[in-house]
Amino acid sequence: MKSDLQFQFLADVPGHTLRIKREFAGPRDLIWDCYTKQELLEKWFAPKPLKTKTASMEFREGGHWHYAMYDDEGTEYWGWTDYIAIDPQERYTTRDAFSDATGAPNTDLPVADWVITFEEAGDRTIVRTVIDYGSPEGLQTVIDMGMEEGLGATYVTLDDLIEILKG
Amino acid sequence: MENNEPNLDAVFHALADPTRRAVLQALVKGEATVSDLAAPHDMGLPAFMKHLSVLEAAGLVKSDKVGRVRTCALDPATMIATERWFEEQRAFWQGRYAQLDDLVAALQGEKK
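Chains as they are written, first to last, in full-length UniProt numbering: chain A, 1 to 167; chain B, 1 to 112.
It should be emphasised that the hints constitute simulated quantities derived from the structure, not laboratory data.
Incorrect hints may appear among the rest.
To be verified - SDA-like cross-link-like pairs, simulated, lysine to any residue; straight-line CA separation at most 25 Å:
no. : chain 1 : residue 1 : chain 2 : residue 2
1   : A       : Lys37     : B       : Arg96
2   : A       : Lys51     : A       : Leu40
3   : A       : Lys21     : B       : Leu74
Unchecked claim - Restraint-style ranges between C-beta atoms, simulated for each label pair:
no. : chain 1 : residue 1 : chain 2 : residue 2 : range
4   : B       : Pro46     : A       : Thr141    : 48 to 56 Å
5   : B       : Pro40     : A       : Lys21     : 49 to 57 Å
6   : B       : Glu31     : A       : Ala55     : 17 to 25 Å
7   : A       : Asp123    : B       : Pro40     : 44 to 52 Å
8   : A       : Pro105    : B       : Ala91     : 21 to 29 Å
9   : A       : Asp72     : B       : Asp36     : 48 to 56 Å
10  : B       : Lys29     : A       : Lys21     : 30 to 38 Å
11  : B       : His41     : A       : Arg91     : 43 to 51 Å
Yeah, the Cβ is synthetic: ideal placement off N, Cα and C, and Gly gets one too.
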């Protein structure tokens with residue numbers, strides 16, 4: 001990652017949302033394509049060491065993306081994204097659910113509403129992602145799940161945490 | 001029983017208040033008595049005790065009474081678990097976006 005690219009990650013638990021802002025070193029039409037074209041989206045959506053595969057995708061209002069993030073041991077994390085509203089190159093909204101290989105929704109886990117906006121900034125693009133888990137309990141469920149998986153991590157300091165919370 | 005999965009809602013509620021954040025920052029330096037912690041704050045002891053009870057309920061602070069003196073300290077397990085969740089989430093998104101950076105660079109290279 002280029003160190004001068006803005007990155008902001010905020011969690012608002014009482015408001016049950018995550019807000020992520022990131023700048024990219026490319027024009028808006030190109031960044032839009034990376035989010036909305038299957039062959040490009042699959043190349044970056046799952047962070048290493050995970051990879052992304054698509055069962056089916058139709059990027060249109062009322063369409064969906066049925067996908068999995070998977071690792072080398074064969075563990076698959078399936079998701080189902082419904083495309084709700086699309087305003088080309090400006091923003092799109094989705095409803096994102098945990099799923100399985102057949103596309104059946106996992107009703108034990110919360111559904112999240114995503115709003116993704118794309119703003120031109122010279123030859124760069126700022127992408128804002130707001131993920132709303134619907135309720136504090138919904139976000140808590142996702143947090144607890146993440147903690148159980150216990151990905152190795154380094155710790156931030158209390159001062160960092162307070163800065164994050166103040167936003 | 002060790003509980004490494006704090007109620008993040010309670011933690012965030014506790015951290016949303018400037019008095020409670022100041023108490024946590026004071027406790028980073030080490031344990032302190034309630035009266036020492038209350039001294040910099042312009043409020044009555046009952047109001048201050050309410051702030052402390054919110055911090056205790058969130059698992060951020062633990063306290064112990066010896067005689068008439070109540071001493072408070074940070075509860076490191078909760079702080080570490082909360083911080084770890086943040087760091088994992090940030091790392092996940094940073095990893096994802098680092099790949100998008102690479103893709104954007106590759107796509108623009110192809111055009112030239």
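Against the structure, the hints:
1. Lys37/A to Arg96/B: holds, 16 Å
2. Lys51/A to Leu40/A: holds, 13 Å
3. Lys21/A to Leu74/B: Cα-Cα ~32 Å, so violated.
4. Pro46/B to Thr141/A: 48 to 56 Å: violated, 36 Å
5. Pro40/B to Lys21/A: 49 to 57 Å: This hint is violated: roughly 35 Å between Cβ atoms.
6. Glu31/B to Ala55/A: 17 to 25 Å: 55 Å Cβ-Cβ, so the 17 to 25 Å window is violated.
7. Asp123/A to Pro40/B: 44 to 52 Å: Given about 49 Å between the Cβ atoms, the range holds.
8. Pro105/A to Ala91/B: 21 to 29 Å: The hint (21 to 29 Å, Cβ to Cβ) holds, given that Pro105/A and Ala91/B are roughly 27 Å apart.
9. Asp72/A to Asp36/B: 48 to 56 Å: Taking Cβ atoms as reference, Asp72/A and Asp36/B lie about 54 Å apart, which means the hint holds.
10. Lys29/B to Lys21/A: 30 to 38 Å: Check passed, 33 Å falls within 30 to 38 Å.
11. His41/B to Arg91/A: 43 to 51 Å: Holds, at about 44 Å.
Violated hints, in rising order: 3, 4, 5 and 6; the structure is consistent with all others.
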